[in-house]
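Please build the complete structure, drawing on both the sequences and the hints.
Here the protein sequences line up with chains A and B, keeping their order.
Quick note: the first sequence uses the numbering used here, first residue 1, plus one each step.
Quick note: the second sequence uses the numbering used here, first residue 1, plus one each step.
None of these hints come from the bench; they were simulated from the model.
Check before you lean on any hint, since a few could be wrong.
One copy or two, it doesn't matter: identical chains are merged, so the pair holds either way.
Stated by the list, open to error - In silico EDC-like pairs for lysine to aspartate or glutamate, Cα to Cα no more than 20 Å straight-line:
| # | residue 1 | residue 2 |
| --- | --- | --- |
| 1 | K342 | D299 |
| 2 | K293 | E354 |
| 3 | K311 | D328 |
| 4 | K309 | E354 |
| 5 | K311 | D346 |
| 6 | K293 | D327 |
| 7 | K169 | E207 |
| 8 | K5 | E46 |
| 9 | K309 | D327 |
| 10 | K349 | D310 |
| 11 | K203 | D140 |
| 12 | K309 | D328 |
| 13 | K311 | D347 |
| 14 | K176 | E190 |
| 15 | K342 | D328 |
| 16 | K343 | D299 |
| 17 | K148 | D270 |
| 18 | K50 | E134 |
| 19 | K148 | E131 |
Since the structure is predicted, the reported quantities are computational estimates derived from the model, not experimental observations.
Protein chains: 2
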Amino acid sequence: MTDNKYCVIMAGGIGSRFWPKSRQSRPKQFLDILGTGKSFIRHTYERFAKIVPTENFLVVTNRKYRDLVLEHLPELTPEQVLCEPVGRNTAPCIAYAAYTLQKRNPDAEMIVTPADHLILNEEDFRAIIRECLEFAAAHDALMTVGIKPTRPDTGYGYIQVSAAQPISKVKCFTEKPDLELAQTFLQCGEFVWNSGIFVWKVKSIIEAFAKYLPEHHLLFSGVQRALGTDAEQNIVELAFAECRAISIDYGIMEKADNVYVRCGEFGWSDVGTWGSVYEHTAKDEHGNAIPEKNCYLYDTRLSIVSLPKDKIAVISGLKEYIVVDTDDVLLICPRADEQNIKKFIDDVKYNNGEKHI
Amino acid sequence: MTDNKYCVIMAGGIGSRFWPKSRQSRPKQFLDILGTGKSFIRHTYERFAKIVPTENFLVVTNRKYRDLVLEHLPELTPEQVLCEPVGRNTAPCIAYAAYTLQKRNPDAEMIVTPADHLILNEEDFRAIIRECLEFAAAHDALMTVGIKPTRPDTGYGYIQVSAAQPISKVKCFTEKPDLELAQTFLQCGEFVWNSGIFVWKVKSIIEAFAKYLPEHHLLFSGVQRALGTDAEQNIVELAFAECRAISIDYGIMEKADNVYVRCGEFGWSDVGTWGSVYEHTAKDEHGNAIPEKNCYLYDTRLSIVSLPKDKIAVISGLKEYIVVDTDDVLLICPRADEQNIKKFIDDVKYNNGEKHI
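Here is the structure:
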């Protein structure tokens, strides 16, 4: 009997916010930034492998990360790795996976997940995903997983739910709010964080593409017809070259009227910044997050240090700093300035430092 | 015709103050901390090679640095490198060289110099050394080179001169003074810094050893007799095991009555600390000393950065810091705390970090 449940892992990001630890040649999803012993993508695969059979995984990634994906997930066959010629945000990524899956199994039920999130309570998380799968199988529903917010975070999108049930129709999506609005959301109690984890029937999402992103529907229907033919590579190339870069949230979820959210609490974080890594790392008595044991800290507080293996650091007199050392790049930066990392990268690039990016 | 002029380079130090750039396996004298393109010992050799023929150099160093010396000074033969089994301060080091030289040439005139000093105006310096050689050849004199002080430095020893002539008899030696005393010395005008560079006839210094350090005289006379015999190695071992560790200043120069100083100004520094490296390195417009071109500094002032080749650093928000990165150790430390480096080293050692020292 065919298992209709599929898991699509989106793994195309370059994670520049974790530079210099993340690199164009090895972005965040392939790293173990939290020192858990496994990369983010490996954790993601193992998390869903208890629900979805190995052969029903698809990973969508940039072409240049294909070998890295197969290295981290040796259980997969090359046919399970879909390669984007270029990143075009989540809608084209999901379209590529959905139209491919539909050809393989028109009855497919599809989980979509980022490759690089942290989930602490995996059992609870899987119970919720199972509920979503059941609901999506029984309804023409686009399901998203919402997270009960614990603080007025301005780095996440918010979803307003219309009822207090576990599965509720979505009232509206809100992009990253300012602090005041985030505080209002938190107090109001009707808002949850948008985790970017989705569940739906392939049939439902393709209907939504046809309705809300007809241009993408056209291009990826072409991709679907070309799958397995000599033209496949060229048509994929064309689809990504032609299609508009747009997120699935903005392109479909905010517009469709069959969007449902299943709220949960299971220790979730998108681990999007060093600040977030700091939050999720064990601290010493001075509030320093030092995943490695090879730091000698003096008069240093509330800082995070990341070092290459077999390297030691002696650090004196730093308060609230990020210190990230790699083989060819050293970064020392106040935690409050981590949003400048993209500027640093640009400056290094501009000075012919491409090899350090 | 035999040239009686010899140059003894003292190169036994481990330079722990420059850790982690200096290491037990590669101490300061073998480094190019100032980014000049040559190691300190190489500069020292070339400085004196215009006065002294190559075959008249001796280097005294620790046994473990023998190959490094020959690597940096390939002009020398292995017989020109005297190996101390263990460091015992400058008096035994100089005795080993003097008693060895006396056997090779009883009329030897001897320049003694540390391997790791900076001298900016080498022409003026050599003119002074030539004067010293002439004076020492004509008199039974223990000559030392004094530096006209430019600031009340508490890191140097001071010598009080008895007259305003270029070559003057020494009135007294003073160990590193406190700031108040150093200021008095500077105002008084009679005091010069003790550079630790000496000139004398071998005959004169050996007479001084016999008189002021008879124990060392006995041990190194034994070494002299054993030179070239099968017993040489054992006797050297014994002499260093038995002899008291003592500086030539304390053991002889402060006691002898035939000590003369030749004062000069030639841009001298013993480059003893990172602070001193900071002083002698070109600065950017924010007062940062960055010998390498591969630093991206933001909101960073009055700091010094040292990186391995081909590495870049992005540093934000540091004021008056030392950042020294090497392959296996990263040091970040306020400039004001550089005297703590020895403590850092001890802590690393204590935690089984011997390989990082």
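Quick rundown of the hints versus the structure:
1. Taking the closest pair of Cα atoms, K342 and D299 come within 20 Å of each other only across two copies (16 Å); inside a single copy the shortest separation is 29 Å, beyond that limit.
2. For the homomeric pair K293 and E354, the shortest alpha-carbon distance between copies (16 Å) is at most 20 Å, but the shortest distance inside one copy (31 Å) is not.
3. Taking the shortest Cα distances, K311 and D328 sit within 20 Å of each other both inside one copy (13 Å) and across copies (4 Å).
4. Taking the closest pair of Cα atoms, K309 and E354 come within 20 Å of each other only across two copies (16 Å); inside a single copy the shortest separation is 24 Å, beyond that limit.
5. In this assembly of identical chains, the alpha carbons of K311 and D346 lie at most 20 Å apart only when taken from different copies (17 Å versus 27 Å within one copy).
6. Proximity of K293 and D327 under a CA criterion of 20 Å is satisfied in both settings, with 18 Å inside one chain copy and 17 Å between copies.
7. With identical chains, the CA atoms of K169 and E207 are at most 20 Å apart within one copy only, with a shortest distance of 18 Å there and 101 Å across copies.
8. Taking the closest pair of Cα atoms, K5 and E46 come within 20 Å of each other only inside a single copy of the chain (15 Å); across copies the shortest separation is 77 Å, beyond that limit.
9. For the identical chains of this complex, K309 and D327 are neighbours both inside a copy (10 Å) and across copies (11 Å), given an alpha-carbon limit of 20 Å.
10. Taking CA atoms no more than 20 Å apart as the test, K349 paired with D310 passes between copies only; the shortest distance there is 15 Å, against 28 Å inside one copy.
11. Taking the shortest Cα distances, K203 and D140 sit within 20 Å of each other inside one copy (8 Å), while across copies they are farther apart (105 Å).
12. For the homomeric pair K309 and D328, the shortest alpha-carbon distances inside one copy (13 Å) and between copies (9 Å) are both at most 20 Å.
13. Proximity of K311 to D347 under the C-alpha cut-off of 20 Å is restricted to the inter-copy arrangement: shortest distance 15 Å between copies versus 27 Å within a copy.
14. When the C-alpha separation of K176 and E190 is checked against a cutoff of 20 Å, the pair qualifies only within one copy, where the shortest distance is 16 Å, while the shortest distance between copies is 72 Å.
15. For the identical chains of this complex, K342 and D328 are intra-copy neighbours only, at 18 Å inside a copy versus 27 Å across copies, given an alpha-carbon limit of 20 Å.
16. Taking CA atoms no more than 20 Å apart as the test, K343 paired with D299 passes between copies only; the shortest distance there is 14 Å, against 29 Å inside one copy.
17. When the C-alpha separation of K148 and D270 is checked against a cutoff of 20 Å, the pair qualifies only within one copy, where the shortest distance is 14 Å, while the shortest distance between copies is 63 Å.
18. In this assembly of identical chains, the alpha carbons of K50 and E134 lie at most 20 Å apart only when taken from the same copy (16 Å versus 90 Å across copies).
19. Taking the closest pair of Cα atoms, K148 and E131 come within 20 Å of each other only inside a single copy of the chain (17 Å); across copies the shortest separation is 85 Å, beyond that limit.
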